[in-house]
Amino acid sequence: MSTLKIKKGTSKHSAYDLKDPNADIIETHTLTVIVTNEAGVLARVIGLFSGRGYNIESLTVAEIDHEGHTSRITIVTTGTPAVITQIKAQLGRMVPVHEVHDLTEEGPSVERELALFKVAGHGDKRVEALRLADIFRANVVDSTLESFVFEMTGTSEKIDAFADLMRPLGLQELARTGVAALARGPAET
Amino acid sequence: MTRQMTGAQMVVQALIDQGVDTIFGYPGGAVLPIYDEIFQQTEIKHILVRHEQGATHAAEGYARATGKPGVVLVTSGPGATNAVTGLTDALMDSIPMIVLSGQVPTFMIGNDAFQEADTVGITRPCTKHNWLVKETDKLGDTIHQAFHVATNGRPGPVLVDIPKDVQFAKGSYVGPQQADTKHYAPRVKGDIDAITALAELMEKAQRPILYTGGGVINSGDAATQLLRELAKATGFPVTSTLMGLGCYPASGPQWLGMLGMHGLYEANMAMHDCDLMINIGARFDDRITGRVDAFSPKSKKAHIDIDPSSINKVIHVDIPIIGDVGHVLEDLLRIWKSRGRKTHKEGLAKWWTKIEEWRAVRCLSYKNSETVVKPQYALQRLEALTKDRKDRYITTEVGQHQMWAAQYLGFDEPNRWMTSGGLGTMGYGLPASVGVQVAHPDALVINVAGEASWLMNMQEMGTARQYDLPVKQFILNNERLGMVRQWQELLHANRYSHSWSEALPDFVKLAEAFGAKGIICSDPADLDDAIRDMLAHDGPVVFDCLVEKHENCFPMIPSGAAHNEMLMGDASTEDAIDTKGAVLV
Ligand SMILES: Cc1cc2nc3c(=O)[nH]c(=O)nc-3n(C[C@H](O)[C@H](O)[C@H](O)COP(=O)(O)OP(=O)(O)OC[C@H]3O[C@@H](n4cnc5c(N)ncnc54)[C@H](O)[C@@H]3O)c2cc1C
Ligand SMILES: Cc1ncc(C[n+]2csc(CCOP(=O)(O)OP(=O)(O)O)c2C)c(N)n1
Numbered sequence: 001m002s003t004l005k006i007k008k009g010t011s012k013h014s015a016y017d018l019k020d021p022n023a024d025i026i027e028t029h030t031l032t033v034i035v036t037n038e039a040g041v042l043a044r045v046i047g048l049f050s051g052r053g054y055n056i057e058s059l060t061v062a063e064i065d066h067e068g069h070t071s072r073i074t075i076v077t078t079g080t081p082a083v084i085t086q087i088k089a090q091l092g093r094m095v096p097v098h099e100v101h102d103l104t105e106e107g108p109s110v111e112r113e114l115a116l117f118k119v120a121g122h123g124d125k126r127v128e129a130l131r132l133a134d135i136f137r138a139n140v141v142d143s144t145l146e147s148f149v150f151e152m153t154g155t156s157e158k159i160d161a162f163a164d165l166m167r168p169l170g171l172q173e174l175a176r177t178g179v180a181a182l183a184r185g186p187a188e189t
Numbered sequence: 001m002t003r004q005m006t007g008a009q010m011v012v013q014a015l016i017d018q019g020v021d022t023i024f025g026y027p028g029g030a031v032l033p034i035y036d037e038i039f040q041q042t043e044i045k046h047i048l049v050r051h052e053q054g055a056t057h058a059a060e061g062y063a064r065a066t067g068k069p070g071v072v073l074v075t076s077g078p079g080a081t082n083a084v085t086g087l088t089d090a091l092m093d094s095i096p097m098i099v100l101s102g103q104v105p106t107f108m109i110g111n112d113a114f115q116e117a118d119t120v121g122i123t124r125p126c127t128k129h130n131w132l133v134k135e136t137d138k139l140g141d142t143i144h145q146a147f148h149v150a151t152n153g154r155p156g157p158v159l160v161d162i163p164k165d166v167q168f169a170k171g172s173y174v175g176p177q178q179a180d181t182k183h184y185a186p187r188v189k190g191d192i193d194a195i196t197a198l199a200e201l202m203e204k205a206q207r208p209i210l211y212t213g214g215g216v217i218n219s220g221d222a223a224t225q226l227l228r229e230l231a232k233a234t235g236f237p238v239t240s241t242l243m244g245l246g247c248y249p250a251s252g253p254q255w256l257g258m259l260g261m262h263g264l265y266e267a268n269m270a271m272h273d274c275d276l277m278i279n280i281g282a283r284f285d286d287r288i289t290g291r292v293d294a295f296s297p298k299s300k301k302a303h304i305d306i307d308p309s310s311i312n313k314v315i316h317v318d319i320p321i322i323g324d325v326g327h328v329l330e331d332l333l334r335i336w337k338s339r340g341r342k343t344h345k346e347g348l349a350k351w352w353t354k355i356e357e358w359r360a361v362r363c364l365s366y367k368n369s370e371t372v373v374k375p376q377y378a379l380q381r382l383e384a385l386t387k388d389r390k391d392r393y394i395t396t397e398v399g400q401h402q403m404w405a406a407q408y409l410g411f412d413e414p415n416r417w418m419t420s421g422g423l424g425t426m427g428y429g430l431p432a433s434v435g436v437q438v439a440h441p442d443a444l445v446i447n448v449a450g451e452a453s454w455l456m457n458m459q460e461m462g463t464a465r466q467y468d469l470p471v472k473q474f475i476l477n478n479e480r481l482g483m484v485r486q487w488q489e490l491l492h493a494n495r496y497s498h499s500w501s502e503a504l505p506d507f508v509k510l511a512e513a514f515g516a517k518g519i520i521c522s523d524p525a526d527l528d529d530a531i532r533d534m535l536a537h538d539g540p541v542v543f544d545c546l547v548e549k550h551e552n553c554f555p556m557i558p559s560g561a562a563h564n565e566m567l568m569g570d571a572s573t574e575d576a577i578d579t580k581g582a583v584l585v
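Going line by line, the protein sequences match chains E and R.
Residues 1 to 189 (full-length UniProt numbering) are what the first sequence spells out, left to right.
Residues 1 to 585 (full-length UniProt numbering) are what the second sequence spells out, left to right.
I should point out that these hints are in silico values taken from the structure, not numbers from a laboratory.
This one's a predicted model, so the numbers in the text were calculated from it and none came from an experiment.
Glycine included, each C-beta is placed from N, C-alpha and C at the ideal position.
The reader is advised that the hints may include incorrect statements.
[Claimed, not checked] Covered, in the sense of this in silico footprint (three residues per stretch, anywhere, with C-beta under 8 angstroms from a C-beta of chain R), are these stretches of chain E:
| no. | segment |
| --- | --- |
| 1 | 34 to 40 |
| 2 | 80 to 86 |
| 3 | 121 to 129 |
| 4 | 164 to 172 |
[To be verified] Quick list of simulated restraints, FRET-style, between CB atoms:
| no. | chain 1 | residue 1 | chain 2 | residue 2 | range |
| --- | --- | --- | --- | --- | --- |
| 5 | R | GLN4 | E | ASP160 | 57 to 63 angstroms |
| 6 | R | ASP36 | E | VAL141 | 56 to 62 angstroms |
| 7 | R | GLN41 | E | ALA183 | 34 to 40 angstroms |
| 8 | R | ASN368 | E | GLU27 | 53 to 59 angstroms |
| 9 | R | GLU383 | E | GLU188 | 37 to 43 angstroms |
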């Protein structure tokens with residue numbers, strides 16, 4: 001089980017003064033959750049978010065330890081600080097959950113997403129798409145005479161920016177993996 | 001050491017190894033192999049209910065009255081879906097329960113087979129955890145894990161779904177010791193720094209209050225004893241939620257009564273005005289807090305809870321202590337004593353003077369009548385005629401009668417009061433009384449009921465009769481969905497939309513049809529004798545107590561109001577709830 005970092009005595013005030021000041025602050029947090037890779041575990045996590053009205057901006061999951069049967073779920077979520085704390089506590093109490101980390105709170109981290117862009121066009125537009133792909137260090141993974149599929153890895157913002165540029169140049173389809181993230185530096189053991 | 005046996009044999013073996021002596025169930029095609037094993041053994045008693053919902057509430061009652069988990073066995077499809085309300089009820093009230101359900105054979109899952117339902121999918125949000133077991137080799141281990149999860153940390157219901165081919169097949173069985181339970185180990189010891197900080201606050205507090213809840217009862221007898229010791233040693237006043245009644249004795253001098261929406265004036269005023277609130281195993285439910293931004297504005301708050309998600313969920317607290325009540329109170333008492341057992345004597349004396357003023361309001365007084373039985377009077381008489389019975393267990397249905405029972409009956413011991421608090425499930429009380437009586441065959445078990453709730457699971461009278469369970473069904477019959485009617489009076493300008501109990505059965509005849517005794521009483525002068533009659537009868541009784549039809553339950557904190565804005569018995573109820581409050585439940 002995870003030990004949750006709920007700060008004790010964070011405030012000298014009672015609920016009366018505290019409830020409101022934070023109510024409007026919406027924060028984005030990246031959580032990483034290590035779970036037993038058993039049937040239904042993803043449904044459980046998603047059900048928690050939908051059942052309690054929490055937001056999922058992005059969610060990725062894959063097995064990371066075949067022998068230990070564990071998977072890492074990376075969730076980008078938004079909410080007030082109180083809601084974010086609740087989300088972590090609710091995740092932490094689930095039986096197949098081993099660890100919950102809030103990468104946004106626990107120090108520097110790296111976040112990456114992979115995206116595939118299908119761009120179709122002729123003439124100048126086609127040349128421009130290829131030129132921008134080069135600047136963004138996107139790879140061409142498929143090409144025909146009238147289309148490209150670009151592959152790009154980067155932060156979500158970088159992918160957003162590239163997608164915005166490709167739209168007028170003939171962006172037809174976009175596939176994104178969602179965010180994978182790790183804390184920087186060696187792992188605490 | 002592993003042994004070869006069939007899945008069905010494993011189920012029975014695992015239950016025996018877990019110390020189970022009683023299960024509540026209902027057979028069907030997908031659990032026939034398990035029923036066949038039950039037939040061939042004598043260690044486990046199976047109680048055949050009349051409806052699977054009844055099995056779940058009976059198991060809840062059994063669990064609450066014994067401190068042991070309740071066990072339920074149901075078939076696939078409709079058997080499992082009928083268990084959903086009881087699972088949800090147990091989840092809300094933190095009751096340890098294990099439901100074993102049959103499932104269609106593994107090779108048919110997903111084919112819309114006969115009596116197939118996605119049971120783990122349906123019950124995922126209403127269990128603490130659930131499992132679909134696809135290999136017989138894993139069955140023993142999974143059932144032991146299920147008991148471990150249901151009873152450790154914050155207790156709750158779990159479900160194990162067992163396909164029929166898994167029950168027939170042979171595999172190797174592992175006992176509880178070899179089962180893989182280690183990764184679920186919630187923390188029970190509280191943080192010593194936080195506990196010390198609380199001890200410091202206790203020394204300085206001038207207006208402290210102990211706000212206790214169901215978590216004390218969940219934690220067990222040791223926690224109850226420690227709570228009583230803490231109260232006695234400090235002299236602090238004690239209140240409790242609906243779920244915690246009995247953890248501090250109602251006859252104790254520091255008892256303020258239940259708090260919350262229908263709680264006592266003195267308890268709610270003390271919560272509102274305190275300077276130190278010590279929440280011990282309660283969860284700041286909305287029936288307690290009322291308007292959150294006006295909740296106990298002047299206090300420092302400490303919260304002892306085993307579930308981290310209960311902390312700061314509703315109310316922000318100054319000192320969160322994550323741990324088991326028993327463990328934390330032990331440390332708290334030790335630390336507080338070692339620091340010299342200090343309290344603010346002067347402040348406390350003044351605080352008690354204030355509390356006595358609130359007590360003098362006598363918020364539970366009501367206008368009695370010589371001609372009709374007032375529901376409050378009926379419960380006062382029931383209390384007077386049964387309170388000396390050390391073995392008295394009370395269950396309730398849901399509604400006004402439930403609140404009056406909480407107000408007018410006193411509990412000196414834990415595990416004597418079973419009620420559906422969080423989900424508020426009408427139809428809980430009768431099957432729960434069956435479960436309690438199964439656990440304590442010689443005890444006095446009374447279900448305080450409303451007629452509407454009681455009808456929801458009345459088929460369980462058949463179970464009571466079959467197993468000679470002398471449960472007493474004390475029905476406060478107001479021919480109304482009383483609690484709904486009260487809200488319509490307060491919120492919807494007396495437009496009583498569908499809150500009548502029409503076409504009611506003749507409860508005496510109904511009792512007799514079930515082979516039970518029926519008693520009817522409508523005159524206050526006859527009430528004592530009628531209650532004595534009920535108590536003297538050695539068998540199940542349905543007591544139809546015809547009471548005042550339009551009585552309202554007070555005190556009441558209207559939705560959206562603060563603790564110091566209570567409606568009292570003789571208050572005008574017009575415009576009591578403003579438009580903002582009206583959207584709340
Ligand atoms: C019609 C109706 C009216 C109601 N009106 C009222 C009312 O006026 N007043 C009232 O009080 N209630 C009322 N209720 C009940 C209310 O809805 C809640 O069920 C109840 O208040 C919750 O009680 P609790 O806070 O003790 O929590 P529980 O539901 O009993 O939860 C227990 C808490 O303790 C924790 N816990 C469990 N085990 C341990 C352990 N070993 N160690 C530490 N912590 C542990 C859990 O994590 C949880 O947070 C009403 C219900 C109905 C149906
Ligand atoms: C299963 C279920 N359905 C509906 C409700 C809503 N409800 C709460 S109290 C109540 C009326 C209960 O009437 P009764 O059992 O006669 O008790 P009274 O309030 O009259 O004492 C209703 C309908 C509920 N709590 N549970």
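A quick look at each hint next to the structure:
1. 34 to 40: Result for this restraint: holds, n = 3.
2. 80 to 86: holds (count 3)
3. 121 to 129: violated (count 0)
4. 164 to 172: violated (count 0)
5. GLN4(R) to ASP160(E): 57 to 63 angstroms: Given a distance of about 59 angstroms, which is inside 57 to 63 angstroms, the answer is holds.
6. ASP36(R) to VAL141(E): 56 to 62 angstroms: Given about 60 angstroms between the Cβ atoms, the range holds.
7. GLN41(R) to ALA183(E): 34 to 40 angstroms: violated (54 angstroms)
8. ASN368(R) to GLU27(E): 53 to 59 angstroms: holds (57 angstroms)
9. GLU383(R) to GLU188(E): 37 to 43 angstroms: Since the Cβ atoms of GLU383(R) and GLU188(E) sit about 58 angstroms apart, the hinted range of 37 to 43 angstroms is violated.
When the structure is compared with the earlier hints, violations turn up for hints 3, 4, 7, 9 and for no others.
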